[in-house]
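Generate coordinates for the entire structure from the input sequences, incorporating the hints supplied.
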Amino acid sequence: MSTTPVERATTFARSWGSLVGIGVLALLLIVVAPAVLDEFRLNNLGKYCCWAIVAVGIGLSWGRGGMLVLGQGVFFAIGAYAMAMHLTLETAGPDGIPVFMILYDPLAPLPGFWVPFRSPIFTLAAVVLVPILVASVLGFAIFKRRVKGAYFAILSQALAVALAYFIGGTIKLTGGDTGLSDFKSFFGYDLADPVNRRMIYTITAVVLVLCMLVVWQLYRSRFGELLVATRDAEERVRFLGYDPANIKLVAFVVSAVMASIGGALFVPIVGIISPKEIGAAASILLIAGVALGGRASLFGPALGAILLGYGRSTLSERFENGWIYILALMFIVVTLLLPDGLASIPRRLSGVVTSRRRTA
Amino acid sequence: MESLIAPLLNGTADGALLLIAALGLALTFGQMGVINMAHGEFLLAGAVSAYWTQGVVSNTNISILLALPVAFVFAGLLGLVLEITVIQWMYDRPLDTLLATVGVSLGLQQLFLQHYPSGVPVKKPSLLDGQLDVFGYAWPLRQIFTICLALVCLAGLAALLRYTTFGRRIRATVQNRPLAETLGIATRSVDRLTFFIGSGLAGLGGVAASLIGGTNSQLGTRYIILAFLVVVAGGLGQLRGTVIAAWAVGVSTAYFADWTTGSLASVITFGLVVVFLQVRPQGLFTIRTRGLA
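Chains as they are written, first to last, in full-length UniProt numbering: chain A, 1 to 360; chain B, 1 to 293.
These are computed hints drawn from the structure, not numbers from a lab.
In this text, a Cβ means the ideal position worked out from N, Cα and C, and glycines have one as well.
Hints are supplied without guarantee of correctness; some may be wrong.
Covered by chain A, per the in silico footprint, the following chain B stretches (three or more residues, Cβ under 8 Å) [unchecked claim]:
1) 172 to 180
2) 258 to 264
3) 267 to 278
If you want the footprint, here are the derived chain A segments under chain B, 3+ residues with CB under 8 Å [said to hold, decoys possible]:
4) 150 to 160
5) 291 to 297
6) 325 to 333
Structure representation (structure tokens):
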């Protein structure tokens with residue numbers, strides 16, 4: 001089948017145009033933002049970027065894979081607590097015991113599962129490998145049993161709730177509901193120094209851009225096509241000879257790793273991690289940004305998460321109680337009227353324009 | 001002896017409360033396939049109704065009985081409004097009902113929090129103040145009241161579904177909507193009434209919750225996920241499994257709480273239900289279909 005030059009040009013633009021978009025976003029986040037924002041705002045933007053990293057993963061699992069991952073807080077927690085444990089031990093010094101443990105029991109030794117987190121390399125490996133392991137086991141069990149749709153959503157949310165309860169209930173081991181905080185340094189860099197904080201921001205922004213590149217490549221690959229096919233007609237994919245469970249598993253694991261990395265970067269930027277950041281409400285807020293931006297689009301999840309994060313802090317500064325109503329209304333309006341999020345507005349508008357032209 | 005009996009009885013009462021919440025979900029989720037995350041906040045609406053009724057009728061014994069129909073109608077009407085404004089547009093996308101109703105739930109919670117920052121102080125009825133001696137354990141009458149209420153709800157719902165014309169219409173609509181429509185059933189009004197009853201049941205649960213536990217804005221959040229798990233673990237489309245699952249969850253949480261701590265008990269129960277769903281994703285009992293989904 002021969003293609004006209006115009007068709008070839010549009011296919012080219014569709015595939016590589018997104019890459020240009022990612023480039024622009026990278027320029028904005030890595031070069032422009034540090035130049036124009038003050039330290040406080042930049043730190044806030046860093047926090048939103050952490051949520052955006054999680055959101056990119058959710059976009060892959062939910063937007064393209066159709067798995068409503070309501071429990072990404074679990075993987076966020078894995079990365080965040082791994083990092084927080086390392087930073088706590090770093091602050092306590094070599095052979096030191098974290099302050100909160102001394103408060104409960106001055107003579108208690110360091111719990112066994114804390115010990116390896118003294119090593120920075122082990123910590124970084126854990127941030128990536130533990131979510132892979134956990135998500136593989138969970139995902140394998142869940143998808144092979146063909147649990148999907150609402151059941152999957154409720155199950156994953158239940159896991160986040162259970163983990164938040166667990167951390168809240170094991171105050172001597174994990175800091176409980178107060179969480180872990182008061183970190184002094186980040187892999188040897190003083191966290192009070194603005195230069196180092198700027199560096200952590202840049203790392204976060206770069207990681208976000210890398211995650212977007214990963215999903216860009218996944219979306220245009222054969223795997224991306226299969227994932228969307230599985231979302232839209234799982235049985236047909238099965239009848240074609242593929243195992244939908246494996247396809248979903250890959251997407252689920254990738255999004256788990258992204259959630260974990262987002263959590264790990266969240267800790268040095270925000271300076272505290274507690275069950276409040278991982279439980280049901282937090283996991284739903286992670287979803288909210290993705291829904292707002294557009295779950296299935298490439299840029300929607302990340303931009304939605306950043307926008308929601310920004311809206312959250314500005315609105316809650318201005319209207320202490322009112323912003324929750326705005327958030328509530330956003331949930332309803334977006335799911336009711338804009339199920340494909342803000343990203344679908346340009347397409348809808350151009351759709352209106354072309355249909356007018358046709359009728360004219 | 002007492003240490004073994006106490007968790008059994010307390011757990012049964014907890015399970016009964018969970019059952020009332022889950023019965024409503026068994027209707028709206030199990031029968032209609034709608035995931036209503038605001039169902040937990042309808043429990044709050046029930047607790048608020050109990051508080052309002054006490055403001056009008058000062059005798060606590062009478063007011064609690066009056067609160068039951070008030071709560072049922074109030075929560076039911078909330079559900080009806082939700083169905084008409086939001087849910088009716090989304091019957092073909094169940095996962096989106098989840099998201100939209102999360103928004104509703106956030107809004108209702110905040111509304112409650114602003115009006116009653118420390119919860120609604122519902123006075124306990126004086127007739128239910130006593131205890132019943134069970135093998136040396138003083139079982140609070142309020143818990144027995146909750147269990148009775150749950151049994152009444154269960155019997156009422158089961159009878160409604162099995163013996164009345166309306167119940168037959170619900171089942172017909174659920175099992176085969178186009179066929180039900182060709183037989184002249186107004187499926188839209190059946191949907192609305194089903195949603196009204198399901199939400200109303202949550203209101204009754206709220207009255208019971210105001211008697212045996214605290215009522216703060218987190219009441220709904222505490223029960224909603226567990227109630228969904230109970231409905232799923234029991235198996236959709238019938239009530240028998242829901243009853244067994246609710247009771248099992250209530251009692252096992254009480255025993256684990258006795259052996260460990262409250263929050264660890266919740267973790268263990270959650271874990272057990274999740275593992276159970278791995279073994280039997282279709283729940284305890286299932287209605288067999290030839291559908292692929």
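How the hints compare with the structure:
Here the stretch 172 to 180 of chain B counts 0 residues with a CB under 8 Å from a CB of chain A, which misses the bar of 3, and the coverage is violated. Interface restraint, the stretch 258 to 264 of chain B with chain A: holds (4 residues with C-beta to C-beta distance below 8 Å; minimum three). Evaluation of the coverage hint for the stretch 267 to 278 of chain B: fulfilled, as 7 residues show C-beta separations to chain A shorter than 8 Å, against a requirement of three. Coverage of the stretch 150 to 160 of chain A by chain B holds. Counting CB-CB distances below 8 Å, 8 residues qualify, and the rule asks for three or more.
With 1 residues bearing a CB less than 8 Å from a CB of chain B, the stretch 291 to 297 of chain A misses the requirement of three and the coverage assertion fails. With 7 residues having a beta carbon nearer than 8 Å to a beta carbon of chain B, the stretch 325 to 333 of chain A meets the requirement of three or more and the stated coverage holds.
Against the hints set out earlier in the document, violations occur for numbers 1, 5.
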